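6 protein chains.
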Amino acid sequence: MNANVSEKPFHRILLTGAAGGLGKILREKLKPWADIIRLSDISDMGEAAEGEEIVQCNLADKKAVNDLVKDTELILHFGGISVEAPFEDILSANIQGTYNIYEAAHLHAVKRVIFASSNHAIGFYKTTEHIDADDPVRPDSMYGISKCFGENLSRYYFDRFGLETVCVRIGSSFPAPNNRRMLTTYLSYDDLVRLLHSAVFTPKVGHTIVFGMSNNPSSWWDNRKAAHLGYQPQDSSIAFQHLFPPSGDYPDAEDIGANYHGGSFITSGPQYK
Amino acid sequence: MNANVSEKPFHRILLTGAAGGLGKILREKLKPWADIIRLSDISDMGEAAEGEEIVQCNLADKKAVNDLVKDTELILHFGGISVEAPFEDILSANIQGTYNIYEAAHLHAVKRVIFASSNHAIGFYKTTEHIDADDPVRPDSMYGISKCFGENLSRYYFDRFGLETVCVRIGSSFPAPNNRRMLTTYLSYDDLVRLLHSAVFTPKVGHTIVFGMSNNPSSWWDNRKAAHLGYQPQDSSIAFQHLFPPSGDYPDAEDIGANYHGGSFITSGPQYK
Amino acid sequence: MNANVSEKPFHRILLTGAAGGLGKILREKLKPWADIIRLSDISDMGEAAEGEEIVQCNLADKKAVNDLVKDTELILHFGGISVEAPFEDILSANIQGTYNIYEAAHLHAVKRVIFASSNHAIGFYKTTEHIDADDPVRPDSMYGISKCFGENLSRYYFDRFGLETVCVRIGSSFPAPNNRRMLTTYLSYDDLVRLLHSAVFTPKVGHTIVFGMSNNPSSWWDNRKAAHLGYQPQDSSIAFQHLFPPSGDYPDAEDIGANYHGGSFITSGPQYK
Amino acid sequence: MNANVSEKPFHRILLTGAAGGLGKILREKLKPWADIIRLSDISDMGEAAEGEEIVQCNLADKKAVNDLVKDTELILHFGGISVEAPFEDILSANIQGTYNIYEAAHLHAVKRVIFASSNHAIGFYKTTEHIDADDPVRPDSMYGISKCFGENLSRYYFDRFGLETVCVRIGSSFPAPNNRRMLTTYLSYDDLVRLLHSAVFTPKVGHTIVFGMSNNPSSWWDNRKAAHLGYQPQDSSIAFQHLFPPSGDYPDAEDIGANYHGGSFITSGPQYK
Amino acid sequence: MNANVSEKPFHRILLTGAAGGLGKILREKLKPWADIIRLSDISDMGEAAEGEEIVQCNLADKKAVNDLVKDTELILHFGGISVEAPFEDILSANIQGTYNIYEAAHLHAVKRVIFASSNHAIGFYKTTEHIDADDPVRPDSMYGISKCFGENLSRYYFDRFGLETVCVRIGSSFPAPNNRRMLTTYLSYDDLVRLLHSAVFTPKVGHTIVFGMSNNPSSWWDNRKAAHLGYQPQDSSIAFQHLFPPSGDYPDAEDIGANYHGGSFITSGPQYK
Amino acid sequence: MNANVSEKPFHRILLTGAAGGLGKILREKLKPWADIIRLSDISDMGEAAEGEEIVQCNLADKKAVNDLVKDTELILHFGGISVEAPFEDILSANIQGTYNIYEAAHLHAVKRVIFASSNHAIGFYKTTEHIDADDPVRPDSMYGISKCFGENLSRYYFDRFGLETVCVRIGSSFPAPNNRRMLTTYLSYDDLVRLLHSAVFTPKVGHTIVFGMSNNPSSWWDNRKAAHLGYQPQDSSIAFQHLFPPSGDYPDAEDIGANYHGGSFITSGPQYK
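Chains D, E, B, Y, C and V, in that order, are what the protein sequence lines are. Residue 38 in our numbering sits at position 38 of the first sequence; the count goes up by one each step and never skips. Residue 148 in our numbering sits at position 148 of the second sequence; the count goes up by one each step and never skips. Residue 89 in our numbering sits at position 89 of the third sequence; the count goes up by one each step and never skips. Residue 102 in our numbering sits at position 102 of the fourth sequence; the count goes up by one each step and never skips. Residue 125 in our numbering sits at position 125 of the fifth sequence; the count goes up by one each step and never skips. Residue 247 in our numbering sits at position 247 of the sixth sequence; the count goes up by one each step and never skips.
It cannot be assumed that every hint is accurate.
Because identical chains share one entry, a pair is satisfied inside a single copy or across any pair of copies.
Listed below are the simulated SDA-like cross-link pairs for lysine to any residue, each with C-alpha atoms no more than 25 Å apart in a straight line [unchecked claim]:
{"no.": "1", "residue 1": "K8", "residue 2": "D249"}
{"no.": "2", "residue 1": "K204", "residue 2": "F174"}
{"no.": "3", "residue 1": "K31", "residue 2": "P245"}
{"no.": "4", "residue 1": "K63", "residue 2": "A93"}
{"no.": "5", "residue 1": "K8", "residue 2": "R180"}
{"no.": "6", "residue 1": "K24", "residue 2": "R12"}
{"no.": "7", "residue 1": "K111", "residue 2": "S268"}
{"no.": "8", "residue 1": "K62", "residue 2": "S92"}
{"no.": "9", "residue 1": "K204", "residue 2": "A133"}
{"no.": "10", "residue 1": "K204", "residue 2": "G162"}
{"no.": "11", "residue 1": "K204", "residue 2": "F240"}
{"no.": "12", "residue 1": "K8", "residue 2": "S247"}
{"no.": "13", "residue 1": "K62", "residue 2": "A93"}
{"no.": "14", "residue 1": "K126", "residue 2": "A19"}
{"no.": "15", "residue 1": "K70", "residue 2": "Y250"}
No lab work stands behind these hints: they were computed from the structure. This one's a predicted model, so the numbers in the text were calculated from it and none came from an experiment.
Bound conformation, chain D alone (with noise of 0.2 Å):
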């Protein structure tokens, strides 16, 4: 019986923000990549099932991180503020948030970290502009800030220490497309999967940063720089396009989903009403 667990290419994984709408996504979908898949969260996750271990934390809590991340191979680090809120939040959840579980990954010799980054980490280029992972950030809110800081303190982390990340900008990440902008930004469940497979188990990765894209029509993103993963997406936002059908009214420039890879985070900020 062992026997069958031992199969499995990892033991013990940690994913945090096992409650959030990927994180559940991810709770199902990664079963079969290690025995054991440890879930962390802020909120209730619900009862453990079998190969999982249930660990509600706050990730602004140092010593709980660290107990956290003990005896684990691989996080893939999801949790925090997934959208724009009041600095200070941002700060604790997400800032200090990912030092400590870098901080942790670290003393315990974990040797990749998954970093759930967001398109908002460049949400403020034009939509007539195109980017690759190399080109400057423009992050369009304090979220989107607080990513940078992930991405900057992983490149640290390795360039230091060796500690390898993969930093996923993902883009619109749902069951579908809501709107016409998501129809550049999609990306499948399934896609994003095949893009967390990839990262994690290509032998070296270094510090790479992938656009979380499915096969879409129309790009502002250029994964060239991340193409030793070999993620080859298979679905495509094209399916959805009579959606949103075409239409003449051209935007004026004030209407920023249409304006800004980030859409309509650049105004969401709870600051500025």
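Since the structure of chain D is provided, determine the placement of chains E, B, Y, C and V on it from the hints.
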């Protein structure tokens, strides 16, 4: 009944050059985009069909062009001379003519123009060189120079007044490739329409230059700078490769068609026989 | 005595625009370069001095330009309109006029033209952007568009016929900077002559675009692509900095002169008052 | 007398970190720029001289920072921790502190901030690599990460609200270089002031990153992307080369100071002794 | 009957290295391209089939190579040593040998050579780096250095004499990938033939460097600089991925095969055991 | 007295090619760098002065080179043929010879080599093209090809074994420029020594390619990729400009010296008279 009409994305759009080779194709294909297609040419265009307005017009006539543009919401500017010709003819039809179109578009608050540019704007690159939309122009003829003029002029109208343009550097848009060079530059009629659709209906295009080519096996042109248009060619010259079988007779340095993007245009000028 | 004459590097060179601001300066400075300087302008140029030929001429007159160019070895093309003007005037003087010059130069086997281009060919770049000669043009006026035309036309005559051109994108060539912007764009008369000397006497120039600026403390333009010319400016706007003392009154987004390379040209057009 | 005062370009500017090494220098040098210099530090700054206001303040205190920024026109943000320190200290002083400065600047309509960034934002590049302001960051310490945070945050405040920032990646600004590495990274106090003067008085800076270095013989950093600032260093480390004579003892791969831009900072962290 | 013969594109082409692994494959596949394939190797090649000529030959023998090349129209140069070997052996077979081929090709007016270069010319790039044909070489072995030599030599023969070459940097061309690295570098035999077909029959190739790889899911190499060849791989290593299942055992820095493009070649040298 | 000796940075360094044009200069200039300079050449070098060791040696003799390198700490490799010559001579002296030097350097743990490369490694670039150290090579001769070989070989020894090299692409190092081209390529003897000093005494050089030129008014080569060396030329060809006065006789396309970086080398080959 009117309800029917009002469901089309535009009420009235203008197509110049409607009697030309591509104009005739587009006259049929654009019908679903607008209630009324105003057609213009210096030549006879026959009778107006339902949903058409016919305006015979010399583009060099500023007053006439002003009237032509009035009450239109979008212009597809395919008019002017489309082969090499004496400079003075080019000056009148393509340079003065294109200025007249843009000035009228600005005065009548048209929001977007699709400009039929040409590969001859960059025809003096060698067939072993690969370029994208930001590489310097290399016109191969007076005709090509007039296309550069239109690209520069439209850049100005966007930077100065916000009037958007997509410049389509059309390759070889014919029923089929006519020679070996066109295996690389071929743009099927259906792909032309797909590209124009992208150019017209993408919410924000700013000033975009895109190469008009099908999904051909070989290429000299990189369309990544226009990836936001979401143009996805569905055709390919590969279906015609058997018509121009390869040979071991390597062309010498004087075989223009095999040496430059622009092919034989380079020596087609009437002024230097 | 003739011996004296025959030691100058050229026998006869042509300077167009000789009655203009820079033309008057060059009329004096170019004497050591040629036995005879043929001077041309649409305006009166006064009496011919020794070693000068005076030819009053409208550049839009093809026949007259052909005669003008005959028997010259080198052309410094400073003629045409040098400020914003109605398009039709620009079309005649700068577009038709420059075509006439190049066509005549080709027919009379002139080997090199120095073309007075302008920073207004790229005037719509922002003052926080830095460009070199290969970056796409961004004309800021009809005048600027005509300079782009001259650059494209001369590229063609080089690629097609081997007729060499140096396009000098002149900054602000006046006795002294007239405003704060010109501290960045200043080109002293002596440096202008140095630059023209490099452009004329470098053995091989092909088609070169060079920015005409002195050794000013700040810059938006990178001349490395023209380093083969060996142009070494000796003057600097630093001597004039005290005339435009810095202030803490930051310009707002509407202060064109402080926002774009081209300064106030951008809004100087007669057509949009 | 007041007439005298009113001729200074600013009425009141804020200098944070006024008790620090560079703060003490700047406290003297900035006097000609403003009627009143408001000085802030967490440490004692002594008595206020004429034209000074002294505000002792913890930058992590949002309310206090808001009061500190009130009624100032320009901020030179040199406050916070300027060496490697435990993350929590960096988080409070440099991350929360810099956020507080920008949020207050935005709320009080300050138009420009000069942010004292650091070479440690890119300290993990190797000494045989050359970079400019657009290359990806490579922080070498928690301190360096906090500088990246400030650069990203200020980018956001510019893109979102138009609040301009010049990020000065200060090299080694001391009375003289202290070791061989500093021959490359040296920034004299006078050049620091020259650079700040450029950053403060250039009419339009947008969001600019500039490397703070004197005119040293060797360099790893290319300042062309900031050429619009017109910064012209007048000093050089060449005067100090005799203090660190060359040797034939090549450093091995473990000699951090000779291998990375950031020198010994890379191993200076308190957490990994 | 001769009519039959004369329909093949070439009369006589030369294949060197015909007894090698790829040579044996090509011996069969190239038959449709020429009436006669002259086969050369230092080893025994068996009997000549119809349409074959067999010439056993040491490429280091200049006189013999001159005879070998005589009367051929095209050369596919696959001869020499194809693994790491002592430098003196490489020098003779690959450096002197390749020189002999090119010098003979020039003297006999052969117009094009297809040179079997190798990924080992750039094998010292890391597996997280992505390159194209213009990036500097990083040879991983004496063998790789000899391939760089061939690329440089052929560049010279093109620039100096117009003798065209396509350098094919062959990845791993075997019946199937033998290890995990080869999932990225795999080139199927059929794709090899497709690539050679493109290289031979494209009308103008100048001096082109192309990476020889199938349409594999992951890649380190960007072939856009050779897009004019129109090479369209039809195979993929994806069919073999199940043979090398991913694992969570991340390689350490010493696992050469997972760290460098060139894989284990890097340490394969006979001289440093 | 010995104390005196021991203050020099090196104990013993090797200079190959000591009887050549530059070798004779360096024999004198390098004395302050080492107690003992071992001099090598295939030709007679006269008597050994104090602090010199004379070793007449054929670089193609592997055993002799091994003895030559023994007990040295640094190698300045100026040996071999320095003009165009039959390939077999180049092969022996420059290719086998340079391999022998590097292999011996590796076996004797020499830490750094200064390799006398040449502008002829890139001599086929046109005089209107500007390059830096990362642009592809364009050798103009067998000699130039051998220099490319040395650059590639030294790259390998650095990537594989950590043996550092500075490749100096020497321009025209003579007492004075001999023709107009050398106004651009001139490297004064004093600047050569300055450059070698930088190459020898910079603590970390990895594998660096630097163009050897004085501070000449015109340039085709950009040394920013070697800015870490801190090389500051003090001389200029400007002092010699009067010797090669400009003329209006533009060279035609066949005047090699005016068309290519490498000047007349391009046609200097003994094999094609």
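**Message:** At most 25 Å between alpha carbons: which applies to K70 and Y250, within, between, both or neither?
**Reply:** Cα proximity of K70 and Y250: across copies only (18 Å, versus 54 Å in one copy).
**Status of R12 relative to K24 across identical chains (alpha carbons, at most 25 Å)** = within (18 Å within a copy, 49 Å between copies)
**Item:** K204 and G162: within-copy, between-copy, both or neither at 25 Å Cα
**Value:** both (11 Å within a copy, 22 Å between copies)
**Request:** Evaluate K204 and A133 at a C-alpha cut-off of 25 Å and name the case that applies: within, between, both or neither.
**Result:** Result: close both inside a copy and across copies, 18 Å intra and 23 Å inter.
**Request:** Go through the copies and call it for K62 and A93: within, between, both or neither, with a Cα cutoff of 25 Å.
**Result:** Classified as both: same-chain Cα gap 11 Å, cross-chain 19 Å, threshold 25 Å.
**Request:** Up to 25 Å between alpha-carbons, please classify K204 paired with F240: within, between, both or neither.
**Result:** between (35 Å within a copy, 19 Å between copies)
**Message:** I want to check one pair: K8 and D249. Are their C-alpha atoms no more than 25 Å apart within a copy, between two copies, both, or neither?
**Reply:** between (53 Å within a copy, 12 Å between copies)
**Request:** Indicate which option fits the pair K62, S92 if close means a Cα-Cα distance not exceeding 25 Å: within, between, both or neither.
**Result:** Both, since 11 Å and 15 Å are each at most 25 Å.
**Within, between, both or neither: K31, P245 at alpha-carbon 25 Å** = Result: close only across copies, 17 Å inter versus 38 Å intra.
**Message:** Reference check for the pair K8 and S247, CA-CA at most 25 Å: within, between, both, or neither?
**Reply:** between (50 Å within a copy, 8 Å between copies)
**Item:** Same-copy or cross-copy closeness of K8 to R180 [CA-CA at most 25 Å]
**Value:** between (40 Å within a copy, 18 Å between copies)
**Asked** How would you classify K111 and S268 at a CA-CA limit of 25 Å: within, between, both, or neither?
**Response** Between. Shortest inter-copy distance 23 Å satisfies the 25 Å Cα cut-off; intra-copy 36 Å does not.
Consistency note: the structure conflicts with earlier hint 14 alone.
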